[in-house]
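First to last, the sequence lines map onto chains P and B.
Each residue of the first sequence is one higher than the one before, counting from 1 in my numbering.
Each residue of the second sequence is one higher than the one before, counting from 1001 in my numbering.
It should be emphasised that the hints constitute simulated quantities derived from the structure, not laboratory data.
Fair warning: there could be bad hints in the mix.
[To be verified] Here are a few chain P residues that sit away from chain B, every Cβ distance over 10 angstroms (derived from the structure): (1) S4; (2) S9; (3) A61; (4) A64; (5) V169; (6) Y173; (7) G194; (8) E218; (9) V241; (10) K252.
[Claimed, not checked] For lysine-lysine, the following DSBU-like pairs were computed, each having C-alpha atoms within a straight-line distance of at most 30 angstroms: (11) B:K1188 to B:K1225; (12) P:K111 to B:K1252; (13) P:K35 to P:K77; (14) P:K35 to P:K114; (15) B:K1077 to P:K114; (16) P:K77 to B:K1252; (17) B:K1252 to B:K1205; (18) B:K1180 to B:K1257; (19) B:K1002 to P:K68; (20) B:K1114 to P:K111.
[To be verified] Derived Cβ-Cβ restraints for the label pairs, each shown as a range: (21) B:S1037 to P:L127: 38 to 48 angstroms; (22) P:E40 to B:D1091: 37 to 47 angstroms; (23) B:N1196 to P:D91: 25 to 35 angstroms; (24) B:K1259 to P:T211: 35 to 45 angstroms; (25) P:G194 to B:K1259: 45 to 55 angstroms; (26) B:S1023 to P:K2: 25 to 35 angstroms; (27) P:E32 to B:Q1020: 30 to 40 angstroms; (28) P:R47 to B:H1056: 19 to 29 angstroms; (29) P:G194 to B:D1091: 18 to 28 angstroms.
Idealized CB from N, CA, C, for every residue including glycine.
Take a look at the letters that make up each chain.
Protein chains: 2
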Amino acid sequence: MKRSDRLVSLTNYFLENPKQHTSLPYFADLYEAAKSSISEDLVIIDRVLQQEGLGHLQSVAGAAGGVKYIPDFSKGKSNLFIDELCHTLEDPSRILPGGYLYMSDILGDPKMVKQIGRVLAAAFSSLEIDVVMTVATKGIPLAYAVASFLDVPVVIVRRDPKVTEGSSVSINYVSGSSRKIQTMVLPKRSLQDGANVCIVDDFMKAGGTITGMTSLLEEFNANVKAIGVLAEADDEEDERVVENYISLVKIKNVDMKQKQIQVLPGTIVNSN
Amino acid sequence: MKRSDRLVSLTNYFLENPKQHTSLPYFADLYEAAKSSISEDLVIIDRVLQQEGLGHLQSVAGAAGGVKYIPDFSKGKSNLFIDELCHTLEDPSRILPGGYLYMSDILGDPKMVKQIGRVLAAAFSSLEIDVVMTVATKGIPLAYAVASFLDVPVVIVRRDPKVTEGSSVSINYVSGSSRKIQTMVLPKRSLQDGANVCIVDDFMKAGGTITGMTSLLEEFNANVKAIGVLAEADDEEDERVVENYISLVKIKNVDMKQKQIQVLPGTIVNSN
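Please put together the full structure from these sequences, using the hints given.
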């Protein structure tokens, strides 16, 4: 196969298989090319990925040597995306009764969801994460988007057990904002003992749901390595029960009477 | 930018933006290259995508001319993937009490989910689809995977209304297998009147849930253009209430005593 064709094929391969180690001889066999030619291809792909702020190829030296694609999203691109997101969310027609904000259109757009996942995954790229966890329902697409860039599975916590998931562990917790007792359930099979977990959700108010997930994880001896949310409510009245989290945007001052909202970049802009 | 670099950048662009029309002058400006050079790049990318069974680039002629990437998945690759899936699902340790099958590990693997979405989207690629619809919870990742290849949004039907979604339309329906009355809710804002809808779900038994979604769609004057499920239960006792659907696999003869299951390719192998 010619270099030009190989470049297209290889680019597709790396984008489809983030964080997966592949040996040079594998590519040499696949494309019937010399290892030195493959190495030159990889230099080109690495350069373009870096230029476009999409990550880089990491070489692994030695006998079992090879290469893997480490996805990233440059700080500049992340900030641009977050600014646009703030602008989109500040539309007053999004205000719902009770001071909530309509975001289902954003969470329903696969391209948007992928970008949000890319930004969060980039913020967590230096951490050792075994699994992404979320609670049904709205956080699910975001959790998959983050997990696909980290190349790890997703586990979904439910409010009610399902027969199709086998035996499960459940906990009761007190919701942060409503102060009601709620239940969370996770199938026993879904998490290894001692796993390193990244919690992802769409929205955080006082943080009760995330605290609930943290308590549930203790039952599995799992470690919470990272917490990422799309939006947090910046209410000064409510005391936040969660610390050390990454939010993309902060929703401030939802004024139902004046039909005004203020949406600011979240904690992510201050992270590393 | 040199051809080699452009090929990497363009490949990434098309994979990230399926079904999106882009003009040649846009690329010529972006890469500071002649339109004829870009055209040659596109020939190479089209050839490799077709060789790898991943779709093709479609040229749009005329003054507003340009190109778009039409994702596909070749019949051969689809069938290979489905055979592997059948084999994975036939593992007797998946049998749960009640004759259900544990599939959460497959539905929790973003790469698996993406492939399932690719196979379903390829089966629907000739249809005009405006939106993918699913019901919470397990079908959600599959719905996003299908929608990302079709470049359309996802709407999620819930069992209970949520304040964060505004006013909604709800229906009651009779579940196919349990014969219980159930409720389905869809936010009013989430679907345009007369939309062409593709229904996606993880599992179909008698088909009551999908019939429920169909009834709900009637309230929005929407058209059901396609129905796709990962697995269907092939029970001869239950009468199927849904016709014209695509399933990837058929689960037959779950024998709890003998610890045996038979999993066969679904209706997709007989579709065009």
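Evaluated hints:
1. S4: Incorrect as stated: the minimum Cβ-Cβ distance to chain B is 5 angstroms, not above 10 angstroms.
2. S9: 5 angstroms, violated
3. A61: 23 angstroms, holds
4. A64: 22 angstroms, holds
5. V169: At roughly 14 angstroms from the nearest Cβ of chain B, V169 of chain P sits farther out than 10 angstroms, so the non-interface label holds.
6. Y173: 19 angstroms, holds
7. G194: 18 angstroms, holds
8. E218: 21 angstroms, holds
9. V241: Non-interface label stands for V241 of chain P: nearest chain B Cβ at 20 angstroms, farther than 10 angstroms.
10. K252: At about 17 angstroms from chain B, K252 of chain P clears the 10 angstroms cut-off, so the statement holds.
11. B:K1188 to B:K1225: 20 angstroms, holds
12. P:K111 to B:K1252: Given pair K111 of chain P, K1252 of chain B is violated - Cα atoms ~37 angstroms apart, limit 30 angstroms.
13. P:K35 to P:K77: 34 angstroms, violated
14. P:K35 to P:K114: 34 angstroms, violated
15. B:K1077 to P:K114: 25 angstroms, holds
16. P:K77 to B:K1252: 49 angstroms, violated
17. B:K1252 to B:K1205: 11 angstroms, holds
18. B:K1180 to B:K1257: Holds. K1180 of chain B to K1257 of chain B sits at ~28 angstroms (cutoff 30 angstroms).
19. B:K1002 to P:K68: Holds - the C-alpha atoms of K68 of chain P and K1002 of chain B are around 24 angstroms apart, at most 30 angstroms.
20. B:K1114 to P:K111: 14 angstroms, holds
21. B:S1037 to P:L127: 38 to 48 angstroms: Since S1037 of chain B and L127 of chain P have Cβ atoms about 42 angstroms apart, the given range 38 to 48 angstroms holds.
22. P:E40 to B:D1091: 37 to 47 angstroms: Holds - the Cβ-Cβ distance for E40 of chain P and D1091 of chain B, about 43 angstroms, lies within 37 to 47 angstroms.
23. B:N1196 to P:D91: 25 to 35 angstroms: 27 angstroms, holds
24. B:K1259 to P:T211: 35 to 45 angstroms: 41 angstroms, holds
25. P:G194 to B:K1259: 45 to 55 angstroms: For G194 of chain P and K1259 of chain B the Cβ distance comes to about 30 angstroms; the hint is violated.
26. B:S1023 to P:K2: 25 to 35 angstroms: 27 angstroms, holds
27. P:E32 to B:Q1020: 30 to 40 angstroms: Between E32 of chain P and Q1020 of chain B, where Cβ atoms are some 34 angstroms apart, the hint holds.
28. P:R47 to B:H1056: 19 to 29 angstroms: Holds, at about 27 angstroms.
29. P:G194 to B:D1091: 18 to 28 angstroms: 25 angstroms, holds
Violation of the numbered hints given earlier is confined to hints 1, 2, 12, 13, 14, 16 and 25; the remaining hints are satisfied by the structure.
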